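Residue-level listing of the chains:
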Amino acid sequence: MFFPVKEKLKSGKSGSNRRTRRGKRISVLYLLPSVIGVLLFFVLPFLIVVYYSVVDNPINHEFVFLDNFIMVSHNAAFQQAAKNTMMFSATAVPLAVVLSLLLAMMLESKIPFKSQFRTFFLSPMMVPIASVVLIWQVLFHYNGMMNEVLGWFGVDKIDWLNSSYAQIVIVILFLWKNLGYNMILFMAALSSIPKDILEVAVLESASPYQIFWHIKLRYMSSTILFVTIMSLINSFKVFREIYLLKGDYPYDTMYMLQHFMNNTFGKLDYQKMSAAAIMMAIVMVIIIGILFLTENYFGKDVEG
Amino acid sequence: MREKTEYNSNNAVALERWNRSVRKKKKIKHTRQLVRITLVTMVAAWFALLFLMPIVLTITNSFMSASEISANYGQVFATTDTGGKVYIAEKVNLKFIPDMVSFSQYITVLFKSPEYLLKFWNSVILVVPIVAFQLLVAAGASFGFTRYRGRIKEIIFFVYIILMLMPYQVTLVPNYLVSDWLNILDTNWAIWLPGIFSPFAVYLLTKYMRRIPASVMEAAQIDGAGEWQIFRKICMPLCKGAMCSIAILIFIDYWNMVEQPLILLSDPEKHPLSVFLSKINAGEIGLAFAVATIYMVPPILVFLYGEDYLVEGITYQGGIKG
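For the record, the sequence lines run as chains A and B.
In this text, residue positions in the first sequence follow the working numbering: the first is 1, and each later residue adds one.
In this text, residue positions in the second sequence follow the working numbering: the first is 1, and each later residue adds one.
FYI, nobody ran anything at the bench for these hints, they're computed from the structure.
Honestly, I wouldn't trust all of these hints.
[As the list claims (entries may be wrong)] Calculated pairs, DMTMM-like style, for lysine to aspartate or glutamate (alpha carbon to alpha carbon, straight line, at most 20 Å): (1) A/Lys267 <-> B/Glu154; (2) A/Lys24 <-> B/Glu154; (3) A/Lys195 <-> A/Glu108; (4) A/Lys83 <-> A/Glu204; (5) A/Lys24 <-> B/Glu218; (6) A/Lys24 <-> B/Asp223.
[To be verified] Short derived list, chain A residues pointing at chain B, Cβ under 7 Å: (7) Ser34; (8) Val49; (9) Phe120; (10) Met126; (11) Ile129; (12) Leu134; (13) Lys195; (14) Phe226; (15) Gly289.
No experiment lies behind these values; they were computed from the predicted model shown.
Ideal placement from N, C-alpha and C gives every residue a C-beta, glycine not left out.
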């Protein structure tokens, strides 16, 4: 509200309108390389993808409207991939948010070796997934350590990577990789909660439970939103882990949307690919929109 | 007179008693807190152990000799993956410390089989230009976004944010089409160019630059500095830390890349080590741990050197600071 007025005053004071205009033009010049690049590599081809998704093939250019979408959504592989991806995101994202918040709270309390713990929790983020995949294969092998440890508790052997348990392995791998990043975000948010409010709450003899639910969570709502979005995006990247573990065609429950895309790339079926990509984009926009609305609703009364 | 002292001493006794009870309560509270802290530390330590184990195991296992690895893990990486059911009698021995520390794997990787180093070099060649030029493009763009903000710029910035949030499944198809038209498919340019123009760094740096007080730049302008001088002499030095953080984030992201080379580079010769590692076959499994460890070294060095920058970078990303 206040800003435009201030700016107007300033430009009026300096008086040199010509100079402002020149500055404006130069600032556009700075923007140009990036804008051209983004247009060329992301925006324009995306429009082409939209176009491809509604024509029958790149040579004929006949408008078929939603046929491609219907075809893709009836494709068994796509259905499987979409279902798996959704299942995975629906379990992994909430877990990632809650567990990383827990880690952040742990590091916020008065424990020794805080900075060391931070380093340890963050280290999986740095390590390339390709490097540790070998050890994961050893850990989750049919005769591997995981089964041995479970065996001590009388659990039968599980073929982790070649059964429906594969999803669990992937969730664990995902959490291992992403918790540190989320934790840092939550730690920053926790430390940015105004101290006086917490002190007042303690003086008014609020229980730690109340402080957590009514103050801390409230102030962190925008961070929770951000962490959720980032975890969601990262959960779509989990193809990487699965590919490195099991290659192009993993066990059914690990077959993700990116596998579908990759294998469609192999066939160069532009229509299918485009329709799938557009559907993904629409779903993403809807999900992010919903998250933003929720955050607006819950966090509107705190300026943070 | 006497009464008063009595009253006073009574008072003192009461006070003393009260003090003692407070101290006792405090002591209880103190022990309770101590127990709590110990418990939390133990949980944290347990988590830390879980987090570190895969990394440490990879490193220690790289010091095994080839025969030791094939004896322990041979069945895991057997070419025909039977899910291990064939080997029910056998057990995969997870070794924390090798029986005999040997550098033979490293010697083979470094001196005898050049293909690994070649793939490593591929990774370097793919990643370093992206980090450098994405930062350069982003520096200019975020300066453009920061100076003279207007509605059009805000709309463009919004488009950048949306693009940044899109997963690979969405952006890779457009990238593929453009690379196809420009005839750069199967060359490094197909990875470089979309990487360089990725909106990620622009978004982060703009967010940071907009927190520099406008008065700083205005003061320079009044003193007669041109846009270039403001950019070069004021903006860049102030953003040095942020640039380091962003560089680290970009580096991790691309060092880890798998999707882009798989789709945009059909020639396996050009693949980075991250993709190649998954294709190592059973015969060379001994080498794999050594190669994996070597591949970990650059990001770990970056991490040890720049952990604080990394943390700062993540924090900017969340838009929490400031």
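Each hint, compared with the structure:
Proximity of lysine 267 of chain A to glutamate 154 of chain B is assessed by CA-CA distance (about 39 Å); at most 20 Å being required, the pair is judged violated. Between lysine 24 of chain A and glutamate 154 of chain B the CA atoms are separated by roughly 14 Å; this keeps the pair inside 20 Å, and the hint holds. Annotation: proposed proximity of lysine 195 of chain A to glutamate 108 of chain A holds, straight-line Cα distance about 13 Å (limit 20 Å). Distance hint between lysine 83 of chain A and glutamate 204 of chain A is unfulfilled; the C-alpha atoms sit about 49 Å from each other, more than 20 Å.
A threshold of 20 Å between alpha carbons decides the hint, and for lysine 24 of chain A with glutamate 218 of chain B the separation of about 14 Å falls inside it, so the pair holds. A distance of roughly 18 Å separates the Cα atoms of lysine 24 of chain A and aspartate 223 of chain B; the hinted pair therefore holds under the 20 Å criterion. For serine 34 of chain A, the shortest C-beta to C-beta distance to chain B is roughly 3 Å, which falls under 7 Å, so the interface hint holds. Contact between valine 49 of chain A and chain B, as hinted, is supported at the beta carbon level, the nearest pair being about 5 Å apart and thus within 7 Å.
Proximity of phenylalanine 120 of chain A to chain B holds as hinted, the smallest CB-CB distance being about 4 Å (cut-off 7 Å). With a least beta-carbon distance of about 4 Å to chain B, the hint placing methionine 126 of chain A at the interface is held under the 7 Å criterion. Evaluation of the isoleucine 129 of chain A hint against chain B yields a held restraint, the C-beta minimum of about 6 Å falling below 7 Å. Checking leucine 134 of chain A against chain B: minimum C-beta separation of about 6 Å stays under 7 Å; hint holds.
The closest approach between the C-beta of lysine 195 of chain A and any C-beta of chain B is roughly 16 Å, which is over the 7 Å cut-off, so the hint fails. The restraint placing phenylalanine 226 of chain A at the interface with chain B holds, with a minimum CB-CB distance near 5 Å, inside the 7 Å limit. Interface hint status for glycine 289 of chain A: violated, as the beta-carbon distance to the closest one in chain B is roughly 11 Å, over 7 Å.
The structure fails to meet hints 1, 4, 13 and 15 from the earlier list, while all remaining hints are met.
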